[in-house]
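Got chain A sorted already, so can you dock chain B onto it with the hints?
Chains A and B supply the protein sequences, listed in that same order. First residue of the first sequence? That's 1 in the numbering used here, and the numbers climb one at a time after it. First residue of the second sequence? That's 1001 in the numbering used here, and the numbers climb one at a time after it.
Don't read these hints as lab results, they were simulated from the structure. Note that beta-carbon positions come from the ideal geometry of N, C-alpha and C, so glycine has one too. Among the clues, some could well be false.
Pairwise CB distance ranges (calculated) [what the hints assert, rightly or not]:
#	chain 1	residue 1	chain 2	residue 2	range
1	A	Tyr16	B	Leu1276	34 to 44 angstroms
2	B	Ala1272	A	Val19	30 to 40 angstroms
3	B	Gly1300	A	Gly141	51 to 61 angstroms
Some chain A residues near chain B, calculated using beta-carbon distances under 8 angstroms [to be verified]:
#	residue
4	Asp26
5	Ala53
6	Leu55
7	Arg82
8	Leu86
9	Phe105
10	Pro358
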Amino acid sequence: MTATPALVLEGVSKSYGAVPAACDVDLVVPSGELVTLIGPSGCGKSTALRLIAGLERPDRGEIRIAGQTVADGRTFVPPERRRVGLVFQDHALFPHLSVRRNVEFGLHGQPRADRAARVTQVLDLVRLGHLADRYPHELSGGEQQRVALARALAPRPAVVLLDEPFSSLDENLRAQVRAELVGVLRETGTTAVFVTHDQTEALSIGDRVVVMTSGRIEQADTPSRVFEQPATRFVASFMGDADFLRAHVHRALLTCEIGVVSTVPGWADAETDVDVVLRPHEVALTAEPDRSDDGPAVVAVEYHGAFVLHTVRLGSGQTVRSWQPHSVRHPVGTPVRVSVVPGVTPTLLVGDTAVSSPPPRG
Amino acid sequence: MTQTAFPPPPTRLSARGPAQARIRRASSRGRPGWSAFVVLVAVLVAAPVLGVLIDAGTGQAPDLPRNVGDMVLTTLLLMGGVGLGTLVLGVGLAWLVTAHTFPLRNVLVWLLVLPLAMPAYILGFVFLSTLDAAGPVQSAVRGVVGDGFAFSLATLPGCVVVMSLTLYPYVYLMARAAFVEQAPTTYDAARTLGAGRARAFFRVLLPLARPSVAAGLALVMMEVLTDFATVQYFNVQTVSVGVYLVWKGSFDFASAAQLASLVMLFAVAVLAGERLMRGRSRFTQKGGRGSGLRPAPLTGARAWLATGVCLLALGASFFVPVLRLGAWAVERAASDRPSALGGQFGEAFVNSVVVAVIASLTCVTLALVMGHALRLGGGRSIRAAAQLTTFGYAVPGAVIGIGTLLTFAWADRTLEAVGVPGGTGLLVTGSVLGILYAYAVRFLGPAYQAVDAAYASVPTTITQSALSLGAGPVRLLGRVHAPLVRSGVAVALVLVAIDAIKELPLVLLLRPFGFTTVSVSVYQLAKENLWDQAALPALVIVALAMVPVFLLFRQVRHGDRGSRP
Chain A
1 MTATPALVLE GVSKSYGAVP AACDVDLVVP SGELVTLIGP SGCGKSTALR LIAGLERPDR
61 GEIRIAGQTV ADGRTFVPPE RRRVGLVFQD HALFPHLSVR RNVEFGLHGQ PRADRAARVT
121 QVLDLVRLGH LADRYPHELS GGEQQRVALA RALAPRPAVV LLDEPFSSLD ENLRAQVRAE
181 LVGVLRETGT TAVFVTHDQT EALSIGDRVV VMTSGRIEQA DTPSRVFEQP ATRFVASFMG
241 DADFLRAHVH RALLTCEIGV VSTVPGWADA ETDVDVVLRP HEVALTAEPD RSDDGPAVVA
301 VEYHGAFVLH TVRLGSGQTV RSWQPHSVRH PVGTPVRVSV VPGVTPTLLV GDTAVSSPPP
361 RG
Chain B
1001 MTQTAFPPPP TRLSARGPAQ ARIRRASSRG RPGWSAFVVL VAVLVAAPVL GVLIDAGTGQ
1061 APDLPRNVGD MVLTTLLLMG GVGLGTLVLG VGLAWLVTAH TFPLRNVLVW LLVLPLAMPA
1121 YILGFVFLST LDAAGPVQSA VRGVVGDGFA FSLATLPGCV VVMSLTLYPY VYLMARAAFV
1181 EQAPTTYDAA RTLGAGRARA FFRVLLPLAR PSVAAGLALV MMEVLTDFAT VQYFNVQTVS
1241 VGVYLVWKGS FDFASAAQLA SLVMLFAVAV LAGERLMRGR SRFTQKGGRG SGLRPAPLTG
1301 ARAWLATGVC LLALGASFFV PVLRLGAWAV ERAASDRPSA LGGQFGEAFV NSVVVAVIAS
1361 LTCVTLALVM GHALRLGGGR SIRAAAQLTT FGYAVPGAVI GIGTLLTFAW ADRTLEAVGV
1421 PGGTGLLVTG SVLGILYAYA VRFLGPAYQA VDAAYASVPT TITQSALSLG AGPVRLLGRV
1481 HAPLVRSGVA VALVLVAIDA IKELPLVLLL RPFGFTTVSV SVYQLAKENL WDQAALPALV
1541 IVALAMVPVF LLFRQVRHGD RGSRP
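Isolated chain B, as found in the complex:
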């Protein structure tokens, strides 16, 4: 054996010290410490939901408000109405822009996603201020037809319209993706078999898109269930509103938890319904190379009608409200009337930013470390635990909120039982920590998905190479994994931060006395009909919410490019 450049290797592994003892406990099924971390996160995320279910399950005799039957009925009607509204708007618009060309169509394709940036609680108050009995529109009509004309917009139908207008993009996006990606070959086949465009759409494309549309509708339903601000403007008493009112009115854990578990029941029903609609049909016909749906040009009046429909939807859900908010903000800035908010806007803004930054850093750090832990092995159960951490996004805000309170209360009792007087003290004083915890539960899902997607593009051989080059788990995370998934981390940070600034229900439920964020100040000012004062913070939220929508645009445009023959 010749040894040229390589002197004998140092015997750095020959020592059998404490290191050896540590090695013995290590398992090839991952690293116990890192795996335990994933399980711990899963437990923390699941705790609020489990808390609600356990509390509701072990509670004494049902102590629900007397009008709970009405609440359930109202919730069903609202979900049904918004479901129908978003279905018609979402699928209809998706079909229009996919199957036809008309003026502005290429711009409208992605502009139609824009209402995602308009929270329902903002669009709601703009609609009420403008179109309700006291608003300028009805006043103008009265000026023409006389005083008899007046109707209230603050009703269930009004709420359905507003929510449909802000939530239809979920269905639109899913339906359009299905039309573009899945349909080409089948559509061609249907046409060659003699089906006309309309028949091919209703008999082939629409059934094919059903699973995607169902997924979009499920997202819509979850948003409807989570909301309890918009519905209150419109005097619509859903079960989520019930949870909020019961808690804020009586601070009664038992009945709040029972109502919250009712909300959870709705959420489970939505997920089950989505499964059912998806059925056995897992239509994924990727790679089909048909020329597909070649958009047919619309001409003359029909073309302009198509453009008009799209612009009407966009105008009503986004542009006109933004203009109105802008006008209010300018008007407000020009006048020198004292503001009800006073100097609070600055404070609310700082609060929002601080909470959003901490929440996004927390979620993204957890996601980063979980992805890393999975890379170190751990098998199916750890993988399942990681999946479990993402389900908070599908849990209605009322459930997470009450669940967070229950979890904190339980922690207090446990600490007192082991001899810490006052426990954590968090529940008593009311603490921002509760909001942060609830945010982490709710937003870990999107953060983990973004980071996990980035991990997926890092070959496992990279991880294995780094390990065999002597890098321990911590160095592997810092020098290899973190730098390689940084794009996913950046996206996750932005998404969570913006979601956190937009978020309203959780803050309303959990905020300590006197703690205000931008979204809370919008809600409160709007509730007191101080529209012009609410305009500036509302615009701030819409502007921020447009950032993830622009991230989405890139995807939509990409899909559009891919669809062209």
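Excised from the complex, chain A in its bound form:
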């Protein structure tokens, strides 16, 4: 399908005074895709959303929505003419209007019968048809969130932007509302950009995950690639836990403090220092109770229910973490042997960037 992408950002930059909130952001969102934007607070993810919605004007770059240029050097389409739906953390329902009127708000200018039909349609979609005459304060948080989504969907926006839509809901309700909301977005084939600061949420709901820091996109990829093949040191440490060990590649063999980690195909001629990224679930432990040198030993144990997180101090003083099944529990002080779970091809970093081929010798 070679349709026009729902959303295109090209070299979009925006700074507040001297603080850059978006630097040269490039992003293409095909129609129907669900993209999550994630990063630490202040990374520029909300600014990106505001730029797309037209609540901010970019300093440089171009934004196109459904093929139409909405912002570039000469053009600026105000938010009310952008065909963008917004869903906020606080839901932002109009407190003085009933659910029906809230949803109808964006259908201004259409014939009455069309409006009524559309309101019924989207309220049924979020399964709130029976609450159409309630007022926002008479709804639960989850219901308010669904009304907010129905309201955003009603005018058939080209893209829906969701700004941390689940943060205001309590933990138990969250998973359920999230599943419902994502279901509705999928069912309707809606193009959506989610902003979130929750890694699990980003990985589980997005077709693609865009990781940002300091106004830049570090990586935009499928959830599994972002997690398994992080593009940078930042992505590796932000998306899930990671420890970094100094390592050396010699004749396609990756060696570090814990021994040979793996082979690196294609690096036969390489002779270079790298950092290896180890995630706790990739680290295996074997207790060596009889050993008495000052080698690796457990320094902390955290019980997490299904799994137990062990922290191990290596001979060099560096620590690595390892997930063990809940039946395995090495007491603090236990000498252990640390290895990498077979079959894992860990990410290698030169400087702060992941590498897949050997760096040129210099």
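Frame of chain A; chain B shown alone:
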């Protein structure tokens, strides 16, 4: 991609017509049209003050009245006297009701605000009629001690007493709020460090309340500077009176503007003084959870003495004068003597109401649209312009009045210069428009503050949601912002309307020949010693002025509830 309920969206944005051209001029830093509106309002509000300053600055040789030195001295003495009076009354009463319990204390806490509803020009004539040499009190005394006893109340001290009695609630409110809200933890700390109640009050609470008391005093000073009716009853020639007399006597722009700029100088000095007293000390100790000032019960004679002091202040400033006005009004209604006012009272009443309604609608509409414009963005400069529109409330009436005349004169000259014979014609004929303009300048401040507070409680996400749902600025204002800030709008309408009915100096200065309002008729009748005829319109004003005071009661009572452990 599956498409179930959603057919492909209509391509309503694909057309590149004139709409596109309009879009290009739009800026993310707000909407130029709406931002320009805020700037325009700021310019209109600033124009009178700028007019006075420019006119006074560019005028020829100073053409001030010969007694200007006396006027300045009198103004200083009056401000000093009223400042001291309100300080003692306001802080003293606030301390009494906050630190002690005594009979009626819970009622008196909020009743003590009531004198705010009594304009000084009304209390002034009641005092003069009752206590001056010809009044019933001195006559009665003469009946006992002989004819030698007589003194005139129409003096500076008399004026200080009357003004202190009507203006002390400003200081009272601020001081009490400071005692209740800011003090608890610090007061506890002082007590645990061994300070007695009195020492803790003078060494800790009073210094802590200083910024609030200074703010209250600044309000008092502004009222003193604005007044030129009460002071005239008492033959006190302040600079504001000078402005009025010079203008009404000679219609001499230059010297009126010079005197008015002198009044402005006083106002600036008051604001600077307030800043200075507040100093670097920004004492806001909110959230401190001490048990605070637990009122100590007074017993026996001391308790009744406390009640007596409060009742005396209230009686002198409010209840007795109201009773006297009521008695006059009844007496007047019962007699069939012809009234000097004739059928004019009805006319004055209608005039007052019409002017008040137009003024409040104007101010509130401006405030509503300005708040809306700020919501659409616009950055720091537009925000500053909006702030600028609120400062008219701190500008003395004489300055706004003369400034309005100067602004209209300038508009006339400009229009004539571009070929409109007679210009606006407003200055020549004298027009109610001048009064309305001056009212808008003076009362936009409170209107904007009330509406702005309501806007503050509307999350920005509401605005953003409405915009992204396709509502343009006008629909956003009508369907979302206006309904959501309606409570603030209602409060603003009431406040401005009542202020406008009470207002006297601006009308006196600007009114066209023969135009009378309720406040003007009170002033004129009282000036001619027709007390009984002035009573009814005076009561009308007091009754109306009680409405905002009752709005205030709710706040005071709320603060009181919050103070209880």
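Status of the hints after comparison with the structure:
no.	hint	in the structure
1	Tyr16/A x Leu1276/B: 34 to 44 angstroms	holds (35 angstroms)
2	Ala1272/B x Val19/A: 30 to 40 angstroms	holds (36 angstroms)
3	Gly1300/B x Gly141/A: 51 to 61 angstroms	holds (58 angstroms)
4	Asp26	violated (21 angstroms)
5	Ala53	holds (6 angstroms)
6	Leu55	holds (6 angstroms)
7	Arg82	holds (7 angstroms)
8	Leu86	holds (4 angstroms)
9	Phe105	holds (5 angstroms)
10	Pro358	violated (41 angstroms)
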